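Novice: Here is how the chains run, residue by residue.
There are 2 protein chains.
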Amino acid sequence: MNLRIPGPIPVPEDILETMSNPMINHRGSEFKDILYRTTEGLKTVFGTKAPVYILTGSGTGAMETVIVNTLSKGDKVLSISIGTFGERFGEIAKIYGADVVYLKCLPGTAVAVDQIRNCLDEHPGIKAVLVTHNETSTGVANDLEEISNVVKKEYENKLLLVDGVSSVASLPTYMDLWECDVISTASQKGWMLPPGLAFISFSDFAINAYKKSDMPKFYFDIGQYEKYFKMGQTPWTPAVSLMFALDLALEQILKEGIENVYSRHKEIGQFTRNQVRRIGFSIFPEEKVASNTVTAVNVPDGRQSGELIAFMKTNYDVVLAAGQGELKEKIFRIGHMGKTTRNDIKPVIEGLSKYIS
Amino acid sequence: MNLRIPGPIPVPEDILETMSNPMINHRGSEFKDILYRTTEGLKTVFGTKAPVYILTGSGTGAMETVIVNTLSKGDKVLSISIGTFGERFGEIAKIYGADVVYLKCLPGTAVAVDQIRNCLDEHPGIKAVLVTHNETSTGVANDLEEISNVVKKEYENKLLLVDGVSSVASLPTYMDLWECDVISTASQKGWMLPPGLAFISFSDFAINAYKKSDMPKFYFDIGQYEKYFKMGQTPWTPAVSLMFALDLALEQILKEGIENVYSRHKEIGQFTRNQVRRIGFSIFPEEKVASNTVTAVNVPDGRQSGELIAFMKTNYDVVLAAGQGELKEKIFRIGHMGKTTRNDIKPVIEGLSKYIS
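Protein chains in written order, with our numbering: chain A, -19 to 337; chain B, -19 to 337.
Because the hints were derived from the structure by calculation, they are not lab data. The structure displayed is predicted, hence computed values, not measured ones. Possibly wrong hints are sitting among the right ones.
Repeated chains share a single entry, so a pair holds when one copy, or any two copies, can fit it.
[Said to hold, decoys possible] Pairs of lysine-lysine, DSSO-like flavour, derived with a Cα cap of 30 Å:
(1) Lys74 with Lys293
(2) Lys191 with Lys326
(3) Lys192 with Lys53
(4) Lys74 with Lys107
(5) Lys308 with Lys319
Just chain A, same shape as in the assembly (with noise of 0.2 Å):
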């Protein structure tokens, strides 16, 4: 099977068997060593000096995970959508009691540096912004850089809350050169692993706002992950086969080389968009947004997705995703993270130039 969804990721065979390894004792010198070891290559990945923390969940606790700990009931929030993860971003501040204002963006487009400041300007109260690095709904990259410049540098004492579920890891990210404050990633995109663990990283700002939230927090709350982590613990009991895997998969990651998997990203990812215009599909956003890590295509005219995608899978084995809520059926997405190559692509070319012929 060739999988090519944003996430879960095909799994590299070595990273894969390191999980058939015994249980260890989670509370023991062994793990101990994994937890340093792995928590100092996220660093690395994350580009921060701040701490990093390793969850047992999905991206989605990790979004939470964000919020519960920076936030406290009516503070007023921006929330920068633009698809549905970055509006899943600000439904999880409302149900906690945020004040959400929302910015939402057309789908296909990345958020203009205008629109947040219209937002700021018109809502000086605004004590954070929550923005999706990666939106894989529509295959639209933010520009981080731009935004943090925008948030962090005109604008004083605003904490960026960034979802970079889908790019830490693939997408070029400097958590401390771009002074963000909370950066939130997935085991099963870029990091080649398996889903189950989640990443995140608190700036010192942010470890003050979180002294000071008074939203309820339990299996997420940070201070917790804080004080195991002196005694080379988590918390709660993690998922210790996923740890086996990361600590192979970051052993592969900072040996290549992270600025080289971002170009391997890169490459892969216009390779990709160049191939499916080449066959006569339009991409969904224009080039200048358009993600490496999933390419959205949009279906051809008078089709659905539904049907394309039955027939990659029953003739070519090939899995993509179709698009998400509103785009479901005029859309579909062909994911290359990870260690995805031309070799993987191709077959996934063939199967859609059969399909639209």
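Fit chain B to the supplied structure of chain A, relying on the hints for placement.
Specialist: Using the frame of chain A, we list chain B on its own:
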């Protein structure tokens, strides 16, 4: 390594190996089959016709799921604690705004039903009773059937909320027969799985409470789990590799027969306690309340658990657990969940007899 802590437990090799299976689409038909098959298996083990949901998270996450889905802010609840996990259950309820009445029993004892009656009579407004079925911190099992007979038969409209993290799939647990409203459990115990998954079931009465619950929730919102279950999915990306393992573990448990699994745990628990006593140690709890999943043993006078545990690790490659909280140095614990045999326990006894001699 002979891993004898009360979870994670040693996982059979064939179950570990399933985790090396390639990733699949978590929104595809193959996953749907696994989800439906494992959910049916879980229902059999829980002894329920009610829905059982599979979460990615630890046992603590499952405990939070119990609280935030059934309670509302200001609800009066009785928190029965016979150890650190009982305390944690009450603490989560308090953090989310419940009005918690504490019934704290002496460490090493089980709760007496008269204590429960007294609390419920004194506080007629109590809406829910939180109880730990099996307290691994002290090696004590509460008599859940007896507790249910009081809470559900002598009183009306009380929710019986059970932390079954270390009991389900090890100790007799009959959710429907014993009228439990919610039972939560986690994979790294009698299920013979690595940590990372949690399972939770809600009675009709608990689902009615869910509909009125105003505690904030998103990741753990069981309404989302129910909605996606109908499509053969989990709402958030699940730990797919652990689902492969769950599928095989349940196949093995059901093939053996859950009553046989209970008998096996009873036998090995009894064997362990007898052997421990035979070589001159004393068991921390009284025999009649001692758990068949973990044996808590008194450290000989004038010595400390840390020293004993280091001795066992260094000389016998046996990994034991210390006590928790105030009991840290006073007791040590021997786990015997899952497929523990006499041959796993014998080297432990051999080492302990050398230590004490």
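Novice: Determine for every hint whether it applies to the structure shown.
Specialist: Here's how the hints hold up against the structure:
1. Proximity of Lys74 and Lys293 under a CA criterion of 30 Å is satisfied in neither setting, with 39 Å inside one chain copy and 50 Å between copies.
2. Proximity of Lys191 and Lys326 under a CA criterion of 30 Å is satisfied in neither setting, with 51 Å inside one chain copy and 49 Å between copies.
3. In this assembly of identical chains, the alpha carbons of Lys192 and Lys53 lie at most 30 Å apart whether taken from the same copy (11 Å) or from different copies (21 Å).
4. Taking the closest pair of Cα atoms, Lys74 and Lys107 come within 30 Å of each other both inside a single copy (14 Å) and across two copies (27 Å).
5. Taking the shortest Cα distances, Lys308 and Lys319 sit within 30 Å of each other inside one copy (27 Å), while across copies they are farther apart (46 Å).
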